[in-house]
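Peer 1: In case you want the letters, here they are:
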Amino acid sequence: MLEIEDLTHVYGPGTPNEHHAIDGLKLSVAAGELLCIVGPSGCGKSTLLRSIAGLIKPTGGEIRVGGELVRQTPDNLAVVFQDYSRSLFPWMSVADNVALPLRRRGMDKQRRREAAQEALESVGLAEAGRKYPFQLSGGMQQRVAIARALAYRPSLMLMDEPFGSVDAQTREDLEDLVLKVRGHHQMTIVLITHDIDESVYVGDRVVVLSKAPAHVVGDLRVDLPAPRDQITTREHPDFVRLRGEVGRLVRGVDAPAPTA
Amino acid sequence: MTAATTPARVRRPVVTRARHGKLVRHAVGVAVFLLAWEVAARSGLLPWLPAASASLARVAGLAADPVFLGDLLSTLTAAVIGLPLAVLVAVPIGLLLGTVPVVEETTRAIVEFLRPIPSVALIPLALFFFQPEINAKVALIVYAASWPILINTLYGVRDVDPVATETLRSFGFGQAAVIWRVALPSAAPFIYTGVRLAASITLILAISVEYFVGGSGGIGAFLIQASTGIGADAMLDVVATLLWAGIVGLAVNTVLLRAERRLFRWRHL
Numbered sequence: 001m002l003e004i005e006d007l008t009h010v011y012g013p014g015t016p017n018e019h020h021a022i023d024g025l026k027l028s029v030a031a032g033e034l035l036c037i038v039g040p041s042g043c044g045k046s047t048l049l050r051s052i053a054g055l056i057k058p059t060g061g062e063i064r065v066g067g068e069l070v071r072q073t074p075d076n077l078a079v080v081f082q083d084y085s086r087s088l089f090p091w092m093s094v095a096d097n098v099a100l101p102l103r104r105r106g107m108d109k110q111r112r113r114e115a116a117q118e119a120l121e122s123v124g125l126a127e128a129g130r131k132y133p134f135q136l137s138g139g140m141q142q143r144v145a146i147a148r149a150l151a152y153r154p155s156l157m158l159m160d161e162p163f164g165s166v167d168a169q170t171r172e173d174l175e176d177l178v179l180k181v182r183g184h185h186q187m188t189i190v191l192i193t194h195d196i197d198e199s200v201y202v203g204d205r206v207v208v209l210s211k212a213p214a215h216v217v218g219d220l221r222v223d224l225p226a227p228r229d230q231i232t233t234r235e236h237p238d239f240v241r242l243r244g245e246v247g248r249l250v251r252g253v254d255a256p257a258p259t260a
Numbered sequence: 001m002t003a004a005t006t007p008a009r010v011r012r013p014v015v016t017r018a019r020h021g022k023l024v025r026h027a028v029g030v031a032v033f034l035l036a037w038e039v040a041a042r043s044g045l046l047p048w049l050p051a052a053s054a055s056l057a058r059v060a061g062l063a064a065d066p067v068f069l070g071d072l073l074s075t076l077t078a079a080v081i082g083l084p085l086a087v088l089v090a091v092p093i094g095l096l097l098g099t100v101p102v103v104e105e106t107t108r109a110i111v112e113f114l115r116p117i118p119s120v121a122l123i124p125l126a127l128f129f130f131q132p133e134i135n136a137k138v139a140l141i142v143y144a145a146s147w148p149i150l151i152n153t154l155y156g157v158r159d160v161d162p163v164a165t166e167t168l169r170s171f172g173f174g175q176a177a178v179i180w181r182v183a184l185p186s187a188a189p190f191i192y193t194g195v196r197l198a199a200s201i202t203l204i205l206a207i208s209v210e211y212f213v214g215g216s217g218g219i220g221a222f223l224i225q226a227s228t229g230i231g232a233d234a235m236l237d238v239v240a241t242l243l244w245a246g247i248v249g250l251a252v253n254t255v256l257l258r259a260e261r262r263l264f265r266w267r268h269l
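Sequence lines, in order, name chains H and L.
FYI, in the numbering used here the residues of the first sequence are 1 to 260.
FYI, in the numbering used here the residues of the second sequence are 1 to 269.
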């Protein structure tokens, strides 16, 4: 589904502020997989995501989505940003926000409306369509953003620290929501987070990035019993072992970076 | 349950009381001003000034004066034609300058040169190029009213949240869609403020041109005729006309503010 080959990105090359965000990153994600990418903050996770989404043009390497080289935003891709309050359009109702991207699908108004309502129902916001984003709590707003991505029916959904701005309880609810909707929609999910527990709890696989310039330092398969549950999964010996491993990998690269 | 309902029941009168208090303070301010005016006129402190009471009576009288109403209509017509034209001219230019930095940089010197020229100083030029007078009036209104709209559009568009833009782009929308669906709506409150500022400018320019030309009508022409008359009555007409201009400006601004609050509710909450 997603192939990343030797990805390199340098901000402001040749200037005094030159910053190497990503260096020779290789990654392959299978169709239907839920991959979590963890790494220390400022390690280039968002740069990676923006490159996959075609929002920035990486300075080197290749990204393929569904076999096609990414030159601009791939058609079958949706992004959920961390900052839901800025990512939702405040001048549009919730339903209009969710329906807007469907214009790209050539759907008429009636069908867009139905698809939006369906997506809102799937995130538990069946009644919120006529409200405006500012009338909803933060967690609900992020649900709307997820519904917007789901309605678009992407084959690849990118999530950039999607639960970084909500409280702990809401965070758990939203993690479970992602696990639930992935069952209903056939899609590949790449979720970026700095929360180690979250990566193990949500992911089928966890990839750990080094600090900037980012490259892959760990790639772990998560074989926890399904369905996952906030209490029992987190008590599972494998969960405890994996979070330890991921934690060590993240910490390990926190130490003085090897100059490679 | 009662704990939940009681505060709501208490709060509502508090809000209306606060609004009430504000209205009362406004009324007190106006009353004090009118009283001071009345005293200044009657005491002979400002002997040329007609009394407030007489002026207000004349304001009411003008409302039934067909000549004055015709002039008022002629001024407002120019403003009402000019303002939408200014929006049509200034918003696209502002969008262009705000979204294409090269164009903005190339035109900045011209813009910064033209902007400080007082529009009133362009009246002779406008009268030379645009005939009849109504055209000159409208042309000048469009020119002068365009500036605040243009500048506010420019900065509003520049201020667009990059996350909102990236969101739309991530769904595969192109540059045109970004401008139409994100830049324009998120800049709309700024643009609207520009329009509100421009609305008061339309009146200034309309009356100025009328005053400059003197001939064919409008509040400005009415003012000239009133001021060339003799005696206290002439001054009374002048003052009453000024009050009318103030009333019209206030009314327009109030309507526009109300509409702003309704249109951009999403921004204030």
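Hints listed in this document are in silico derivations from the structure and should not be mistaken for laboratory results.
Bear in mind the structure is a predicted one, so any value in this text is a computation, not a measurement.
In this text, a Cβ means the ideal position worked out from N, Cα and C, and glycines have one as well.
It is possible that some hints are incorrect.
As the list claims (entries may be wrong) - Partner residues aside, some chain L positions facing chain H, computed with beta carbon under 10 Å:
no.: 1; residue: A164
no.: 2; residue: T167
no.: 3; residue: P185
Peer 1: So, for every hint listed, does it hold in this structure?
Peer 2: Going down the list of hints, with the structure as the test:
Interface hint at L:A164: satisfied, since its Cβ lies 6 Å from the closest Cβ of chain H, which is below the 10 Å cut-off. Here the hint on L:T167 is kept, as its CB sits about 5 Å from the closest CB of chain H, short of 10 Å. For L:P185, the suggested interface contact is upheld, since its CB lies about 5 Å from the closest CB of chain H, less than 10 Å.
In the structure shown, no violation is registered for any of the earlier numbered hints.
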